[in-house]
Every structure is written in structure tokens, then in C-alpha cells.
Amino acid sequence: MTRISDPRAITGRLFKWLFIGLVFVYLYLPMAVLVTNSFNKSKYGHNWAGFSLKWYQELFDNNAMMQAFGHSLLVAALAATAATLIGTLMALAIHRYRFPLKSATSSLLFVLMMSPDIVLAITFLIIFIALGIQLGFWSLLIAHITFCLPFVVITVYAQMKSLDPNILEAAQDLGASEARIFRVIILPLMAPAVLAGWLLSFTLSLDDVIISSFVTGPGFEILPIRVFSMVKVGVSPEVNALATLLLVLSLTLVAVTTWLIKRQKNQ
Amino acid sequence: MTLTSLFRNVSAAAALLAAVAANAADKVVIYNWSEYIPDGVLEEFTEATGIEVEYNTYESNEVMYSKIKIQNAKGYDIVVPSSYYISKMAREGLLAKIDQSKLSNLKHLDTSLLNKPYDKGNQYSIPYTWGSTGIGINTDEIEKSSITSWNDLWDSKWLGSLLLTDDVREVFQMALAIQGHSANTRDPKEIEQAYQLLKTLMPNVLTFNSDAPREPYMAGDVNLGMIWNGEVIMAQEEMPEIDYIYPSEGVILWVDSFAIPANAEHKDAAHQFINFMLRPEIAARTVDYIGYATPNKDALELLDEETRNNPIIFPSQAIISKGEFQEDVGDEATALYNKYWEELKTSM
Amino acid sequence: MKAFIANLNFRRLVITLTISWLSIFVLLPHLMVVGTSFLTADADNFAIWPITLDNYLKVLDDTYAGVFWDSLVLSGITTVIALGIGYPFAFLLSRMTPALRAILLFMMVIPFWTNSLIRIYAIKMLLGKKGLFNLVLVSTGIVDKPVQLLYTDFAVIFGLVYILLPFMVLPLMASFDKLDQSLLEAGKDLGANAFHRFRHIILPLTMPGVIAGCLIVFLPAMGMFYVADLLGGARSLLLGNVIKNQFLVARDWPFGSAFSVFLIVLMGLLLWLYYKANQYVQKQGGMDDQNL
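Which chain is which? The protein sequence lines are A, B and C, in order. The numbers in my numbering rise by one with no breaks, and the one at position 60 of the first sequence is 793. The numbers in my numbering rise by one with no breaks, and the one at position 58 of the second sequence is 61. The numbers in my numbering rise by one with no breaks, and the one at position 195 of the third sequence is 349.
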């Protein structure tokens, strides 16, 4: 308890929170611009023309924009789920099994993680054309799953290394099958890492611009492509309204989760 | 599961999806510049014809062309290329012939914008909008009368302050106009001369923008440079001080037209869509919405006085005849333009 | 016996899935890009025979030397700044209670659910002559008229750091997590001051995280064409812009591929360095290996 009264500790804490606060200001400043402009009557947002909710009205009337956003969410959710599933199995393979080309496999994952998006984008484009896969939903999904994979593998693998090998051996001795060991023992212990991997994948998929712009095709437009192509008329403020809603929704999610954690602790 | 079986499964899934898409009820897949169609028009089209619309967007002719080429002219039913891309795409067999007998509203179009060199007899394209690329200016910052020509942009007092459109042909067209050459020249010597002239302009350039060129003007970052006329109309809604100048050497004119990709799956629906867009009342709304001129002569009467007489939207005959429409220059010259363009943008 | 076969099948499934997915969607496409880079461009088809080295000669042409240099410098500066912000940030976060840490990490991720393109547009508004930055600069009297922030290298770096910062923080967090607190305590007991503890214990042990974070910022930064397009000036700055142009505008796929191969080679080189550094750290600190 002496630390609290120690003036050095107090300034230290002050600096700590000041620094963390500044980083978050940096991260949220552009969001603040979006939120402000979503209520700005001005179409172009360079001047404040008065408070208005009309962009929200227009957003809900704009089917194409909502559809593109829906597509983005769909791809992100599917890609995150598939990448988590496949990535967890890959982490298992690398952690638990010996097989030829194992080190090549992990190198490939590293390459995948470090590759600039632009390089991945053209590799995907070339392979889809070579395989005759139509550009559209499937090409988008496969590309998103693939670029999310290494992030899942690395997250899950890091936690797998902390597994107690004795438990697994005991289970093996008791005659549990590999699939069962994975399902009943490994997976539950991996749950936090798997969740983190999913969240990371979901985020990466929603955030992506470069790869999507190369592998998208007719009939399945996602949000960044729509925004990127608003050229002859500029980005419409409906996008700001959309971003604001998304922000409010996700911050609510954080608040609720925090509250739940606190309540769990108190009980 | 072996590699080949995985291959087979994946391609089978893709084929299945394609088949589902093809069998879907009547629909038309449009690939257009973003928000290049007024709000509500697509819904009205669906109401009137029962055809569902899927609207996809692109940011440049080049990207649209690449996507069409990659997909072998399949997947989209309507595209809206600029004039010079029509001839290029038609030549490469990427466009389907348009059946004019299905377009009862064709009669509304101004014949002076039909039968142009890039598409004789309008076999492949039906004009949708047309506009020009001229000089944009913020009259609060710069005296409007002090700027009259493209050549004025070369003045060294504009160091690091100009905006150019991010369009290779338009930028070269400007230099070619100053030198008195055709905007559609294929002569390597003339192109090289234009390149040399542009090189001396580069120190004045702050940014290239084909991503809403009015934005930097409105944000106060740019007060002078190239701009499309429709962008000025949109900017003036909030900032009337942004103005448009037709340069004395001649303005750059272009037409964006509807076309149907060669292997489109819903050609009939595509024709119905074009015909719908040719209705005078729809064309009039388009002018109001996007600020570019319409080739639809019967739509003019539906516009209000002010819009119809706005010289920024509808330039005088004298300006049109002095300007030059963009045309295709062939692959060889295009490659040369692109090469110089890359050099302009990388080695400054 | 049945169980043995079932086990074999599960194992085989997992291994086959791993190898086939990575071969088809990662290895094969990368090889095809390398292959394409030796072909000849063609207006009608994407690439045709004959095999040629022309694309590489073109890459080495003077025209592009500037782009290479600019890309390296801009990405380098971006990496250093991201490390400067990310390292203390990750360190502070790693010493918080797990719940608080989870909330802050989550808060860091949330802006990324709004597509980065949209946020880059917002940054564009921040940096413009009528934007918030200039407003503050002018009203506090630091400058008397708005300065040009947008369309400069500063704007590009600002945007790149913004987009890539979390990629720096995450591997650093992982490294800090592995820091053995007892080592620090031991150092303290032995009389090492804070600086010495940092210099001789924390820094070497978190080095793999630092290098991983730097790689994952440095390499992708060179490809972020849209950041340079929207925030940068008239000049093409990043390799990403050139590659995108070759693929979607000039349609010279072999030439664009040659550029990508350059990036792939650079990546291989840096990964090799990373591997070596890891080995070194293991030898030094006996720390758990980071590589997969």
C-alpha cells in the first residue's frame, strides 16, 4: 500500500494513462470525424451546415448500400468461422503431428502472414482465373479465409504449447481417439485462443480493401468496393451514418461484456 | 482427399453457383460508376418491368475493362464505358451488338451525339451522359479572369498547388491541345512532345484525383486545376465560388454510354433497362442528380430554365465544336501513353 | 484396430487439409506469379510466351528506382513510429489485469470494423486545410494560415501508422506475455535499476516480438496503394501503386508480377533474418521459441 502514496508511482501512473489515452485518441479521431459528419446536414462535410438525421433516413432507404454492408458482414462471419475451424486444425497438425513438409508448412504460413496485401491480391486473382473460379462470392470467401488463417494458427498454436502433455498422454492411454481428444480436451482448453482467432479474422475481413478489390466479381458487392467506387460523386454521408451505427453497436457490445464480467466476478 | 478431388469439388461448387445464378428469375446485373443513376430509378424499373436489378460499381474505365476481360465478358449485363473504351472493347469482341428495334425510346436522342467515330451506327453503345473536362477554379482565391487557357496552369506561381485528373488520356489531351495536336493522336512524336511539356508541369502538381475531383477544391486544399463539369455543379450546391472555365485551346469532351458485354446472360433485360433509361423524364432526373448533360433532346424541355441554360452543364455550340471528343487510339499508342504516364508519376 | 484406423483418418484429414489448402491457395499462386513474371505481356491474353527477362530489366530501370527508395523509406519510418507507439503501449497493457487488458484490446480493434478505406477518408478530412488539425494549429497561433498537411509524405505516414498499428501491438503483446516475471524480480533483487532491467532483460527477451511486429508492418506498408492514392501527393510513392497500376490499368501482368517477386524476395530475406534472430535469442536467453 506504500506505493499509492509514493509520488513517483503517482506520476508514473499519470503518464501511463496519459499515454494510453493519447493512443486511443489517435485511434478514435477519424471515428469522431465520421460520427460528427453523420449528423452534418452538409453533403460534403467540409463545413458544418447544421444538425440533421437525414443521412440515417437515406441509409435505411438505400438498399444497395445496406446490401453491400450485409454482404461484408456475411463474408466476415463465414470467413472468420471457416478460418478458425481450419486454422485450429492446422495448429493441431503442427503442434501434435509429425508429417513430411511440416517446416515448409509453417514457413508458408509465415509468408502468408507477412505478404503485403497487394501480393496476395494478385496471387489470388491469378489462381482463381487459372482454376476457372468465377469472381464473386466464392472467390471472396476463399481469399478471406486464406489471409485470416495464419493469424488463427499463430494464436491457437501459442496456447497449445501451454497444454500439459501428461493429460493428453493419459487420455491416449485410456483409449480415447484422436478426434475425441481434440474435441473433448484440447478444444475446450483452447477456447479463449479460438475466440481470439475468430475475432481477429472477423476484424481482418471487415477491414480488408486491397484483396477484396481484386477478387470481387458480379453480383456480390461488399462495402469497401462500393465506397472505393464512389468516384464521380464522392463518398456519400450515408457511409458516415453506417460507421456511426456500427461503432455504437460495438461499443455497446463492449459495455455489456464488461458488465457481464464484473457481475460474474461479484457472484 | 487428393488434390485433384479438391479441385473438382471446388470447381463443381462454383459451377453450381453459376447455374443457380443463371436460373434466377429475370434480373439484370449493372456495372456502373457509383451513384451514376438517380435514387429510386432502379426501384421504379423493377416495378415497371418485374426485373430485379443488381448494381455493382467501379472507379475507372480501366478497372471495368480489366474485370470484363478477366471474366470473359460474362457476369454483367450492362456496363457504362467512356467513348474511347467502346471502340476498344467492341474491337476485342467484348461487347454484344445492340438490337435497336428493342429500343423504342431511341427516338428521343439528339442525333448529333449518335453515330460517332468510336461506334459507327451505334451498333454497340447508346449514349447515357456526356460532359467535359476543363479548368476548375476557386474564385474567392483566384481572380477568374486571370485564367483563360490550359497554358495558364504552367505558370510557375502555381508551384505545388494544382489538381490533375488521374486519367492518362485527359492529361495528355491537355498538353496536346496546347501544342495544337489532335487529342486522339497516335503519332509517337507528338505524344513524346506532349510528355516533354507535361514534365515541366509536374512541379506545379499537388495531387492527381479521379476520386471526386471537386473534393480537394471544396476542402480548400486546391484552388486551381482540372475538373469535370458535373463535379463543379455538385460543388456549387454548397460553394458557389467554385467555378468552371472552358480553356481557350479547346475543352476535352467525353460520352459515357450503355453497352452490353458479349456474353451477358440477361441481354433482353439489359435492352429493357436501356430503353427505360432513355425515357425523357428519367434522363431529366439524371441531369438534376449527377450534373452532367444528357443526349436526350426531349428531356431538355422537362428541365427547369436555370438548369437548361447553365453553360457549365450545356456548353455553347462554339465551345463544343472547338473541343474534341475522346476516341480510341489503338493498343500501340495506348501502351505509349501509359509508359509516359508512369514515368510522369514516378520520376519527378 | 478400428480405433487405430479412426485415429489415422482424423490425423490424415487434418494433415491433408493443412497441406492441400496451403499448396493450392498459397504456394501454387505464388509460384504462378513467379512464373508470370518471366512471360511476355499481351493485350488480348494476360501473358504469353516467350520466356523473357525483360520484365526484370524494366524493374531495374531508373524510372522505378525512386519508387523503390520511397517505398523503403516511407515503410521504414512508418515501422519505427509504429514501434515507438506500439512497444510502450503493449508493455503497459501487458501489466494490467486480464479483464482490463481484454477490454482495452477490444477497444483497439473496434475502429477496424469500420473498413479502413472509410477511415482513411476521415483522416483526409482531418488533415485538410479546413480540417481539425489546421483548425487547432491556427487557433492556437502556432501557424498564421493553414499549412499543407494533406497530399504530403506526412499524411501518408500518418495513415499507414494508423492502419498498421494493431499489427505491431499484437505480436508485442504475445512477447510481453511470455516475459517471466520472476526474471525481472531476480534482476531487481540483484540491484539492477529500471534501465538495466529493460536493457538487459526485457528488450532481449521481447526481441522476437519486436522483429515480428516490424516485419508485419514494414512489408504490408509497401503495398497500401489506397493510402498513398488518397493521402499522398502527385507522385507514386509505394510499390503497391505501381503493381496495382500494372494489373488493373496498364494490364502488363508480367511486369506487375516481376515487381511482386521483388517484394516476395525481400520478404524471404527478412523472414530469414527473423529466423536467425530467433535462434540467437534462444541461445542467449533460453527462451521459448516463437517460430511455428
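Worth flagging that the hints you see were computed from the coordinates, not collected in a lab. Careful, some of the hints might be misleading.
[What the hints assert, rightly or not] Think about it this way: if two alpha-carbon atoms lie no more than 16 angstroms apart in a straight line, the pair counts; the simulated EDC-like pairs of lysine to aspartate or glutamate are:
no., chain 1, residue 1, chain 2, residue 2
1, B, K72, C, D196
2, B, K342, C, D216
3, B, K119, B, E335
4, C, K284, C, D298
[Claimed, not checked] Residues from chain B shown here face chain C by an in silico Cβ test under 7 angstroms; the list is partial:
no., residue
5, W161
6, T210
7, D224
8, I322
The structure displayed is predicted, hence computed values, not measured ones. Heads up, the beta-carbon is just placed ideally off N, CA and C, and yes, glycines get one too.
Worksheet item: Does the structure keep K72 of chain B and D196 of chain C at a Cα separation of 16 angstroms or less?
Response: holds, 13 angstroms
Fill in: Interface hint outcome for I322 of chain B [beta carbon to chain C under 7 angstroms]
violated, 28 angstroms
Worksheet item: Taken at face value, is the distance from the CA of E335 of chain B to the CA of K119 of chain B at most 16 angstroms?
Response: The hint is violated at about 22 angstroms.
Worksheet item: Should the hint that W161 of chain B touches chain C count as held when the rule is a Cβ pair under 7 angstroms?
Response: violated, 13 angstroms
Discussion item. K284 of chain C and D298 of chain C were given as a pair; does the straight-line alpha-carbon distance stay at or below 16 angstroms?
Written reply: holds, 13 angstroms
Discussion item. Given the hinted pair K342 of chain B and D216 of chain C, is their Cα-Cα distance within 16 angstroms?
Written reply: Roughly 13 angstroms between the alpha carbons, so the hint for K342 of chain B and D216 of chain C holds.
Worksheet item: Can the hint on T210 of chain B be confirmed by a CB-to-CB distance to chain C that is less than 7 angstroms?
Response: This hint holds: T210 of chain B lies near chain C, its Cβ roughly 5 angstroms from the closest one there, short of 7 angstroms.
Discussion item. Does D224 of chain B hold up as a contact with chain C if the rule is Cβ-Cβ below 7 angstroms?
Written reply: With Cβ-Cβ at 5 angstroms, under 7 angstroms, it holds.
Checked against the numbered hints listed earlier, the structure breaks hints 3, 5, 8; every other hint is satisfied.
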